[in-house]
Structure formats: structure tokens, C-alpha cells
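Could you slot chains B and C onto chain A? The hints should help.
Chains as they are written, first to last, in the working numbering: chain A, 1 to 246; chain B, 1001 to 1246; chain C, 2001 to 2246.
Honestly, the hints are just simulated from the structure, not real lab data.
Hints are not guaranteed to be accurate.
[As the list claims (entries may be wrong)] Cβ-to-Cβ under 10 Å is the rule here; a few derived chain C residues that face chain A:
{"hint": "1", "residue": "S2014"}
{"hint": "2", "residue": "A2017"}
{"hint": "3", "residue": "P2032"}
{"hint": "4", "residue": "D2072"}
{"hint": "5", "residue": "F2099"}
{"hint": "6", "residue": "L2105"}
{"hint": "7", "residue": "A2169"}
{"hint": "8", "residue": "F2219"}
{"hint": "9", "residue": "M2221"}
Glycine included, every Cβ here is placed at the ideal spot set by N, Cα and C.
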Amino acid sequence: VAALVDAAVQTWASLPARAPRVHCLTNTVAQPLTANLLLAAGARVSLATHAAEVADMVRTADALLINLGTLDAERVAAVPVALDAVAGHRTPVVLDPVFVEFSALRRDLAQRVQSREGVLIRGNAREMAALRSGCEGRHTWVTTGAIDRVERPGQPVITVSNGHPLMGAVTAVGCATTALIAALCALTDDHGVAALAGLLAACIAAERAAARADGPGDFAMRWIDAVARLDGATIQAHARVALIPD
Amino acid sequence: VAALVDAAVQTWASLPARAPRVHCLTNTVAQPLTANLLLAAGARVSLATHAAEVADMVRTADALLINLGTLDAERVAAVPVALDAVAGHRTPVVLDPVFVEFSALRRDLAQRVQSREGVLIRGNAREMAALRSGCEGRHTWVTTGAIDRVERPGQPVITVSNGHPLMGAVTAVGCATTALIAALCALTDDHGVAALAGLLAACIAAERAAARADGPGDFAMRWIDAVARLDGATIQAHARVALIPD
Amino acid sequence: VAALVDAAVQTWASLPARAPRVHCLTNTVAQPLTANLLLAAGARVSLATHAAEVADMVRTADALLINLGTLDAERVAAVPVALDAVAGHRTPVVLDPVFVEFSALRRDLAQRVQSREGVLIRGNAREMAALRSGCEGRHTWVTTGAIDRVERPGQPVITVSNGHPLMGAVTAVGCATTALIAALCALTDDHGVAALAGLLAACIAAERAAARADGPGDFAMRWIDAVARLDGATIQAHARVALIPD
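Isolated chain A, as found in the complex (with noise of 0.2 Å):
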């Protein structure tokens, strides 16, 4: 666990001097905080859907995020173009199943994400059981509610125990925080060590910002500030990190 939280602390300092680009197919609903929590983490962001430009942002972009929520005709269109301009390159690609359970139409774009290799999946336990059958195998997945789960190919499942409540009572703080883990896994090759720094980041940020918030309305604007001031050593003496066997 240790070398674990180490690296996640590592991956987390480097974000700022990178500077990675995240392109985020997102909802409308999730475009501000999302954008804000990527500037506060050091990151930058992108989120043009048209279809005479997306393939070129994308292509450029150090990570693809790609969000279900709110889907309108642009955005079911530039899902596939984003994924052929990553194909055969290494940017990773994140996908956020938001409400997958309730619509084909998200089934359906969910599995041509999910037929590339090593996708991160971040979803909430409905979401994911939604999404599973058979190929669990090839994908990182990760869980997020009281306890969050990270599960790799092969390797022993990551439990995160901090966070708040708050985190589930504000809109578009999953979605901003999925994100976050795409910026960190342009920071690294194990999906892994990237979905644990994003997460610990987050949830970091969320205790000290819910300590200090009045209640949901004021609590995102602490969260984004207590990310914009979140150091290593702060992450370090406050994780709760846990390892299952596989």
C-alpha cells in the first residue's frame, strides 16, 4: 500500500509542471466544474464537440474523457470520431457511464468505448453493474461511494475510504472527478496509481472543503479550492488506502 500511496503522491506533485490536456466529451450540466477542477489541479481542458473540429483536439489532447450525461446528437456523433482519432495511439481514454442503466442509447456508446484496450471506467456501483459482462479483464474499474474501489487486470482490488457525503449531494462532482483521474492517467501508464491519485485527491479536498462548508451550495467552490492548495504531504498523512486480493 505504501508504494502504492507514494507513487499516486508522486503522479499528483508532477500534474502542475505537466500540465496535461484533457479533452472531455461531457454534459452541460458538468462543464464548469469540470473545467475549474481541471485548471485548479494544474491540468488544462478542452470540450469542442463539433464535428469539424473535434478529431483535431483530440488527437492533440494528452487524455479523452467521454461523459454520457445530457447526450444530445452532436455528442453521440463525436463519440466515435474521438475514439478513431486515439486508435492506434496511447492516450488514454476514460469513460464515465453516467445513467448507463436507464437508456440503450448509452449501452450502446458504453461498448464502443469499452471495445478499446485498457479503458479506465468511473462509475457508481449501478452504472457499473450495468456495464459488466465478461470483459472485465481488459478494463480499469473504478467504484465510487462510501468505500471506492479500484480494480486492474490481475491485481489486487484498491480501497479508498476518505471522502464526504457531500460529494454525492452537489452535481457533477463524479463527473469533475473523473476528469481528474483522465488528467493523472497522462501522468502515468498504470491506470492504476493514476484512478488512486485522483481519487485521494479528491476526497482529500472534499473533507477539508465539507469541514468548512455551510452545506451542498457552498461546498464545491471549498472542494476546487482545496484541491488548487492540495501538496503531496497533505495526501500522504491523510490517506486511507486498503488492498483486497484479486
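Just chains B and C now, kept in the frame of chain A:
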């Protein structure tokens, strides 16, 4: 009046336990505040507009909100699909006719919504004037301003004198309030009581938020915080409600 | 310089009484902050993009903002419609060429806007470099950065040294500032004065907001609050403006 306020307070108090899901066909500017207000009040939210999934999501929702702000072709197309999905069902339908006085597109969509029986319509005085034309008696009309008015078929007009001018100085506060009323309509067949509960909650929370706010910038988050901690006793103690014979 | 600052202060002070409406064809990420900044300054905002209503809303607006961020097909189509709606009218047109260096789609749209006489263009150094090509003399160019520059046809360059690094750490602050400049362009024919007024208001408010902010999370709301209470005397007292011969 006392019985009405009692009923409104009870409806408000039952919201977290019932956790109704409001499907919001609403404008992109209002989406974040609307989602966060609903979550703060204990309701749930879905926002899909895509033709392939909107009918399913509306059919399983507890209330339907239709907001005419910043229309795009996809949301325009979603409105009749959503109305068809609730045809023959008792799902409450709530209309927010943003800027309806400005465009024939919005007037036509509003008329389509108004052709359903028993819709609740929430707008400002200009928007309401643009909509009324002989069908007043079938719907519940909620006109917000310095004094809010709730007009129900054949019953005395309810007025609410709570609130604060900052509510009109921040984008989407009115839109989000309409969504809150939609959530409450899922809990009682009496749209007047639901409207009263939503107006009292939004306006009394606004009074408390404004007392602490520096201005329009921090008002919205303080409003969300105040809604999250608003209990029935506080509403009872602060409600300024009157009845005007029809 | 003193006369320029005086004119800018007077323009700023007249904003609430005139309450110009800016029609903003702007990206979804920037919409909430843009709307709230305009409201805080005393202006009004409309955001429609649908083909059936955009021309009417633009024709009756006091200024037109065209922002190239997160384009979708509907907004791409709305740009020429909006430009046609103001052809032959004196409605000020302001362009924010977000990420124009990244895509041909954005360059083409920008050129379409630039074919109008006397547009005000506000961008960062990279965006401006991608746009300039022989037609500098016809437009007002506002390049923002550590020091902002306002370049008007045949006149000395105005520089503004106010501002704070947090302005670049939060999404949509630049986009919203451009919208504020558009509102001020509705109040004076001198685009240089309007740009100066908008830059001074945005930058001096940012200095005051940053002095109280914990980080990028709460900066945006404190910035809105600071704009809402910014008076002419404060701008006069804090303005750091210089002229550079052309």
C-alpha cells in the same frame, strides 16, 4: 390561510423521504443551479433530451418540467415527445415560459404544453400576459415578482410576500424555483399547495441567504445552503401569505 | 490618459440606467458566469441560438457578442444569421475567438465576423496572432494578459496593468469580460473607451475579489460581488492605464 400554510409545510417536510425525480427539459444556463437546488431539497433530477431516451426517462419520472429558455432544435423536438410520454398519466407537468413574449417558437411550444389539462405555469408578469387567452381556468398560474401570486381554477388567489430582490439579480433562480415547485407537485394533487410550498421555501431561503450574502455572486450558493437546511418550523414562522377572493 | 479614464468611468457609471441587452452567442461553459456578470453590472442578457428566433432577438438587442468556444452546429449556423440581422444597423459586434488557433471552423467563423466594419475583438495573444492579417486597421483589438492592450485604428495603444492571476485560473472569466465590454460598447461609439471601461471594471474587481478569495473556487463569485458594488470613484482611484504611441 393557516390550513394552506400547514399543508405546504407538510408537503415540504415530506420531500426528502419521497425523493421525487423531476425530469427537466431546461436551458443550459439553468441546469447546474436547477440540479443543485433539487438535490439540496431532497429531490432527484434527470436532464436527458435525446430523442432515443427522453420518452423512457420522462415516463419513469415523478414530474416533468418544461423550460423554454435557450431552446435548441433537440429540446424543441423533445417537448412533444415528453408530453406524449405522460399523456394519460397523472405525472404533473410544469411550464416555465422564459422570454415567451419574444418569439413565436416559444409561444407555439407553450401552447402545446397548455393543451394538456391542469398544467402549472410559473413566469413573470410579462411572460404570463403573453400566454393568457381564455384558457386560464384549466391551469394553475404562478406569477412571481415582488409579491408572488398563485391562481387556481375557481379558488381564491394566494399571495406570498416573502423573498428578496437578489432573486432577480442572479440568472436561473426563477428557473430553479419552478423546478422545485415541480418536485412538490409530485407529492400532492393540489397544485396550489405545491406552488405555495415551493415559493415559501425558495423565498424564505432567499431571505436567509441574502442576510449573509455580499452580493449576487455568493447569493446563489448561500440560497442552496439555506434550502438544504430549511425545516417546516422555519417556514411556518416566516411565511407571509394572504388570500384574495377570486 | 486622464481623459480616457474619465470617459471610461462615466461609461461604466451609466450602465445600470441604460441597462443594455447583450445577445450572447456564447459557449455553454461560459453562459452562467457571463449572464451573472452582465446582471451584476446592470446589463441584461439573452442567449437564444435557434434559427427560428435568433434574428428577432439580435435585431432588438443593444449589442451582439459572438464567442467561438464549444461550437455546435446550431451556434455555427446562428452566427451568419445574427450578422445579417445587424447588417446596416449600428449594433456593436464583439468577437471572442476562443481557441481560434486550433481549428479551421473557428477561423472561418472569425473571418466572417471580421468582414464587418468596426468589430471589437478580445482574445489572448495566441488567439490574436492567429487572426491578424492585414485588416488590423478596421477593428478594435483587445489583447488580454498580464498587461492588457487596446489597439484602435490610427490611435495610441492603451495599456491596462490592473488584474490578478486568478482571472486566468478560472474558466470563463475572459469570456464574461468580453461580454461586459460588449455591454459597454452599446453606450459609446468609442470602442476604445468601452474596452477600457470593461477591462478596468473586470480587473479592478478581480483585484478586490482576489484579496478576499481562498483560491480559484470562490474567486468567481467574489468577482461578481465586486463588480456589483464597483463605483466610478473606485475605478478612478485604482486604474493603472498608459498610452503607447501607435
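Outcome of the hint check:
{"no.": "1", "hint": "S2014", "result": "violated, 31 Å"}
{"no.": "2", "hint": "A2017", "result": "violated, 31 Å"}
{"no.": "3", "hint": "P2032", "result": "holds, 7 Å"}
{"no.": "4", "hint": "D2072", "result": "holds, 5 Å"}
{"no.": "5", "hint": "F2099", "result": "holds, 7 Å"}
{"no.": "6", "hint": "L2105", "result": "holds, 4 Å"}
{"no.": "7", "hint": "A2169", "result": "holds, 6 Å"}
{"no.": "8", "hint": "F2219", "result": "holds, 9 Å"}
{"no.": "9", "hint": "M2221", "result": "holds, 7 Å"}
Hints 1, 2 from the list above are not met by this structure, while the remaining hints are.
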